[in-house]
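Q: Here is what each chain is made of, one letter per residue.
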Amino acid sequence: MTTPTWDEPGGPLPSEEFRAATDAIMANIERVIEGKEATVRLALAVLLSEGHLLIEDVPGVGKTKLAKALARSIDCSVRRIQFTPDLLPSDVTGVSVYNQETRDFEFKPGAVFANLVVGDEINRASPKTQSALLECMEERQVTVDGTTYELQAPFMVIATQNPIEMEGTYPLPEAQRDRFTARIAMGYPDPRAELAMLGAHGSLDPLSTLRAVSDASLVRRLIATVRDVHAADAVQQYAIALVTATREAPEIRLGASPRSTLQLLRTAKAVAALEGRDYVLPDDLQTLAVPVLAHRIIPTTDAQMNRRTTDAIVAEIVHRLPLPHERSRSPYDTRPSGDGRARYEPRGH
Amino acid sequence: MIGRRRLGLVAASATLLASAPLSAIFESWTWLLECILAVGLVAGAAMLARTARLPDWAQVASMVVMLLVVLTWIFPSGDEVMSLLPSTRTFEYFGDLFTQASADTRSYGVPVPDRDGLLFVTVLGVGGCAVLVDTLTVILRRPALAGLPMLAIYSVPVAVYIDSVPALPFVIGAAGFLWLLVADNVDRVRRFGRRFTGDGRDVDVWEPSPLGAAGRRLAVVGVVAAVILPLAVPSVTGGLLSRLTQVGTGSGAGGFGPGAGGRVNLFASLSGQLTQNDTREMLRVTTTERSPFYLRLGVADAVTVEGFSNRTPTGNSLSRGLPDPRRDSGTNEATYRPYHANVEIKDLNMALAPIYNSVVDTDGLDGGWSYDSNQDVVFSTRTTTRNRQYSFDYLRATYTPQQLRTARSLPRNDEFRVRYTSVPKDKVVDDLVATLTGGERTDYDKVRAIYDYFSADNGFSYQLQTAGTSGSDIAAFLTNKAGFCQQYAAAMAWMSRAAGVPARVAFGFTRGSSRDGDAWIITNRNAHAWAEVYLDGFGWVPFDATPAAGVAGSTRSQWAPDTDAVDPLPSASAGGAAPGAGPSADAGGADRPDRAFDDPSLGAGGASLSSGPSATTLWIIGIAALILALLLVPALRRVLVRRRRHAATDTHTTTRTVTRAADDPEAPGDSRAVTITTESARARADAHAAWDELIDTMIDYRVTVDPTETPRHTAQRLVREAELSGSPAADSAALLGRAEERARYAREPLRGGELTRALALVRKGLSRTATRRDRLVAALMPPSVMLRWRLGAADASARWIGTFGRARDAMSRWSPRRLLARAR
Chain A
60 MTTPTWDEPG
70 GPLPSEEFRA
80 ATDAIMANIE
90 RVIEGKEATV
100 RLALAVLLSE
110 GHLLIEDVPG
120 VGKTKLAKAL
130 ARSIDCSVRR
140 IQFTPDLLPS
150 DVTGVSVYNQ
160 ETRDFEFKPG
170 AVFANLVVGD
180 EINRASPKTQ
190 SALLECMEER
200 QVTVDGTTYE
210 LQAPFMVIAT
220 QNPIEMEGTY
230 PLPEAQRDRF
240 TARIAMGYPD
250 PRAELAMLGA
260 HGSLDPLSTL
270 RAVSDASLVR
280 RLIATVRDVH
290 AADAVQQYAI
300 ALVTATREAP
310 EIRLGASPRS
320 TLQLLRTAKA
330 VAALEGRDYV
340 LPDDLQTLAV
350 PVLAHRIIPT
360 TDAQMNRRTT
370 DAIVAEIVHR
380 LPLPHERSRS
390 PYDTRPSGDG
400 RARYEPRGH
Chain B
-8 MIGRRRLGLV
2 AASATLLASA
12 PLSAIFESWT
22 WLLECILAVG
32 LVAGAAMLAR
42 TARLPDWAQV
52 ASMVVMLLVV
62 LTWIFPSGDE
72 VMSLLPSTRT
82 FEYFGDLFTQ
92 ASADTRSYGV
102 PVPDRDGLLF
112 VTVLGVGGCA
122 VLVDTLTVIL
132 RRPALAGLPM
142 LAIYSVPVAV
152 YIDSVPALPF
162 VIGAAGFLWL
172 LVADNVDRVR
182 RFGRRFTGDG
192 RDVDVWEPSP
202 LGAAGRRLAV
212 VGVVAAVILP
222 LAVPSVTGGL
232 LSRLTQVGTG
242 SGAGGFGPGA
252 GGRVNLFASL
262 SGQLTQNDTR
272 EMLRVTTTER
282 SPFYLRLGVA
292 DAVTVEGFSN
302 RTPTGNSLSR
312 GLPDPRRDSG
322 TNEATYRPYH
332 ANVEIKDLNM
342 ALAPIYNSVV
352 DTDGLDGGWS
362 YDSNQDVVFS
372 TRTTTRNRQY
382 SFDYLRATYT
392 PQQLRTARSL
402 PRNDEFRVRY
412 TSVPKDKVVD
422 DLVATLTGGE
432 RTDYDKVRAI
442 YDYFSADNGF
452 SYQLQTAGTS
462 GSDIAAFLTN
472 KAGFCQQYAA
482 AMAWMSRAAG
492 VPARVAFGFT
502 RGSSRDGDAW
512 IITNRNAHAW
522 AEVYLDGFGW
532 VPFDATPAAG
542 VAGSTRSQWA
552 PDTDAVDPLP
562 SASAGGAAPG
572 AGPSADAGGA
582 DRPDRAFDDP
592 SLGAGGASLS
602 SGPSATTLWI
612 IGIAALILAL
622 LLVPALRRVL
632 VRRRRHAATD
642 THTTTRTVTR
652 AADDPEAPGD
662 SRAVTITTES
672 ARARADAHAA
682 WDELIDTMID
692 YRVTVDPTET
702 PRHTAQRLVR
712 EAELSGSPAA
722 DSAALLGRAE
732 ERARYAREPL
742 RGGELTRALA
752 LVRKGLSRTA
762 TRRDRLVAAL
772 MPPSVMLRWR
782 LGAADASARW
792 IGTFGRARDA
802 MSRWSPRRLL
812 ARAR
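Chains as they are written, first to last, in my numbering: chain A, 60 to 408; chain B, -8 to 815.
Wrong hints could be hidden among the right ones.
Examples of chain B residues toward chain A, derived with CB under 7 Å [to be verified]:
no.	residue
1	P698
2	T699
3	T701
4	R703
5	A737
6	F795
7	R797
Per the computed footprint, the stretches of chain A lying under chain B, defined by three or more beta-carbons under 8 Å from a beta-carbon of chain B, are [said to hold, decoys possible]:
no.	stretch
8	71 to 77
9	229 to 237
Label pairs and their computed distance ranges (CB to CB) [unchecked claim]:
no.	chain 1	residue 1	chain 2	residue 2	range
10	B	I618	A	D361	52 to 60 Å
11	B	R813	A	Q295	18 to 26 Å
12	B	E670	A	Q295	23 to 31 Å
Calculated from the structure, these hints are not laboratory results.
Here a beta-carbon is modelled for each residue, glycine too, at the ideal position from N, C-alpha and C.
Isolated chain A (complex conformation) (with noise of 0.2 Å):
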């Protein structure tokens, strides 16, 4: 069997095919999280733009059991590391150990040798072994010793982790969040999903009765299918446009990387594909722009002492950033002056 390599993710899926395939997934990951359609599209969206999947919440909303149920649906290799404080990196990557048989070092893979590997509260390990996820995380192989191992196709990090204000927890390190595509909250269910959380949950698991509706090639052909979806100019200009007002905003002390503006658009292009449209449309880089670019800024210290989020921020870029014309015209806008919508204005040099 040849593993399947990153540039040949297989031929795209006819749009029914596709539809079909992943409300599957979606329907069967809702199985098990209630009431969380929103995050769990995102979380697929962010597996079908070749991403990896940071969630951060409080203890107790589902995150395990998201990064787990999105494992269990897809029947591939599935790997879990539990990030504690004396986790070592070569637990991740994997070790040479002397064989005394062949009398030579032999290469034990570690945890990340996986189609998907779920992370758990990974700002619970030191830096240390956090950094052992960079390079698998961007370049999709691990060098240990020396020697170079590909990962195969698709690998996804889900991790998990809690809000750096707890106690006990070591934050990630900014390249470390960079890698993410996506940082998703979960948020408290509402009452009627939490109702339905009881009754399901009450007697049994149901993530033990959970069956894999898809698989890897399956899911590489998805991918494919992303990957064609169309981003026409207008739309690859705006992304640019969102990412460049981070890193001029005055609030900003660290803005957003050119890997974020690829990585925006890619999952722009699966949200695309999700909702059964072949063109990527600005809406969905607006609904993106939060969990793609929200993680990966500093604020200021001032804006950090005005207990500014820089949720809040990149909202707010996006509610004044107005749309590139890919016609000249000229740029009318009535709002009311007085709403404290101020139009964006870059800062100058």
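Use these hints to put chain B onto chain A, whose structure you have.
A: Frame of chain A, contents of chain B only:
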């Protein structure tokens, strides 16, 4: 201290600039040289005192002392110590100069020659002003107050001139004052320390202060407005425009001011009276004559290249008696009738007394008054007509054309004829005179030929504007054929002279245009000039060639009937007898002024009366229609734009499909390159046109348009905000949003959508939920059109400001201040 010294120099220069208006009242420039000397030395004294760090009072004292020294030096009595330090004798002499100046102001009209008294007062005044300005600006740091002494200087020519003073000196003076203000403020700002521009850059020493930019602009606008605004007021136009055109020609004008007889330029006085805004009653005349002719005041009978001018009258005192024309003219065939007139001067201050022709006896004019028998004027060298009341007996001569035809031409070498026919050659005038009088034999017929030429039939019209009376001016007038009494009179007299008939220009008043009981009320509007022609045996016979319509109180005579009258009397000149020549032979023109009594707008004349109302109505209708049409322009524009867009969204006739990717050599080799067909391009353009129309419709109905929103969001919000949900308009809005979204972002645009119908539905839905006022505004004054125009105007002005700013930056490279700063 350097700043203060510099400011002192600016103050001195500003004072000199502010004295520029004085140039209008002096004939030569001596006063300026002396003023420069005085102001310069005063400023120098102040500078020295400041260099020596003397206290403020000592600075003022030094300036005053220096002014005294300068005055002593320029106006020496011959008894000074070292010709610089004044003695008691000097001050006595200064007192004499004051007396002399006050006498001169009474006896001279503007422009005045260099008289020691006047020069002394001028230098003292300007020097005093320099001291005041310096004190206020440099010592008290109140440069705005320094405007008051400067204004005092300006008020001198204003007081001397009855009407407007030339504008240019005013601009110079104002510029001086502004310079002073600017210099003071720059000095003030410099003392703060570093100067900044708005963008945080330091201002170089040579650069003008950006803080003052607004002030500078305001100041320039103020000065320009002060000069331009009077031009916009119609009644002032004549005066100021004529002044502007007169600057430099040397024909200084004077009002009927305190200037004495001969020195007053009667032409200028006349135009000055006629161009005043208001109507002033000048005198009242009561006479036993039923329909009197004009009141005479003065005569211009001297001709130079400059044109007609009046001479100082000479003659004997009235107390010696007056000549009687019945006795003096031997072969006189004229009819004389005696009358008595009473004159009450209300507002006239001249050394010439208005009288009728041929006065034989006066009462109320004392021995200070004399009579010039040549000019037939009563004048005084000592007193004026101010508030005077006098009466006189006079003879009214009337002639018939036949009688006048009997007058023979004077011999060519007759001294009198030579004197009153001398006129410089002007080819245009002479040719015209030769053409007009070629076939005429008698002097009267020649004069009548010239007189008749000034008719409306020949294109002549009345227009109040000042011009000279030189040969070229008259030639120009004969070409333009528009002028007022002084040009008609001068041209008539000039041409008569050219034809060999003695002629002169008479000045005075028409008989008045309104009555108060028996009295004729004569205002400044009645000031007038006409020609007098000498016919042997009859004396000086008046001819008024000015169109009667332009003259308030115009009167015509039998021998010179109104050439423009509806029922003229050419029969009289054609040889027809007028046997019943009445006591006042103005049969032809008598009705006209009488009718004018009811017309308060004198000077408008009767000519416009007939066609007036209908023309006015037409004008009003025309202007109203124009305003209406202008109001409809935005609505029309909106309709046109909508029609164009609908035309784009309506039909799909193109069937030819062209693959651009295959044809275009620059197309990328990517196999997935989008194949652009004309059809899809067309559909895309249609969707864009429909979307633009939707946005404009939203603007028209005051639905907010947000450039950060996607088409989908905009359509959703439109449905929400305009409460369209549930109606077909909601689906239409969604369809339009989808079409635009696909057109912008998808590979293939939406096709087959009925966008025009969708637009109509949305518009209908919007107008249903909108208020009546919004509907009306959307139809008549579409906000979308107004917004686009406003944006266009803003763009244009921004571009202009940008261009202007770049040009200014480029210019500032050559700023002398910058170059000086570099050289330093």
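Q: Hint check: is the beta carbon of B/R797 less than 7 Å from a beta carbon of chain A?
A: Hint on B/R797: violated, closest Cβ of chain A at ~19 Å, above 7 Å.
Q: Holds or violated: B/T701 as interface residue toward chain A, Cβ cutoff 7 Å?
A: 5 Å, holds
Q: Has the stretch 71 to 77 of chain A got at least three residues whose CB is nearer than 8 Å to a CB belonging to chain B?
A: violated (count 0)
Q: Hold the hint about B/F795 up to the distance rule: shortest CB distance to chain A must be less than 7 Å.
A: 22 Å, violated
Q: Regarding B/E670 and A/Q295, is the given constraint of 23 to 31 Å on their beta-carbon distance met?
A: 25 Å, holds
Q: With a cut-off of 7 Å on the beta carbons, see whether B/P698 makes it to chain A.
A: 4 Å, holds
Q: Within the assertion that chain B covers the stretch 229 to 237 of chain A, do at least three residues meet a Cβ-to-Cβ distance smaller than 8 Å?
A: This one is violated; 0 residues, fewer than the three required, reach chain B with a Cβ under 8 Å.
Q: Double-check B/R703 for me: the hint is only fine if its C-beta lies closer than 7 Å to a C-beta in chain A.
A: 6 Å, holds
Q: Holds or violated: the 18 to 26 Å window for the beta-carbon distance between B/R813 and A/Q295?
A: Between B/R813 and A/Q295, where Cβ atoms are some 51 Å apart, the hint is violated.
Q: Under 7 Å, Cβ to Cβ, is where B/A737 needs to be relative to chain A, so tell me if that hint holds or is violated.
A: 4 Å, holds
Q: For the range 52 to 60 Å, tell me whether the beta carbons of B/I618 and A/D361 fit it or not.
A: 56 Å, holds
Q: Under 7 Å, Cβ to Cβ, is where B/T699 needs to be relative to chain A, so tell me if that hint holds or is violated.
A: 5 Å, holds
Hint violations for this structure: numbers 6, 7, 8, 9 and 11, all remaining hints satisfied.
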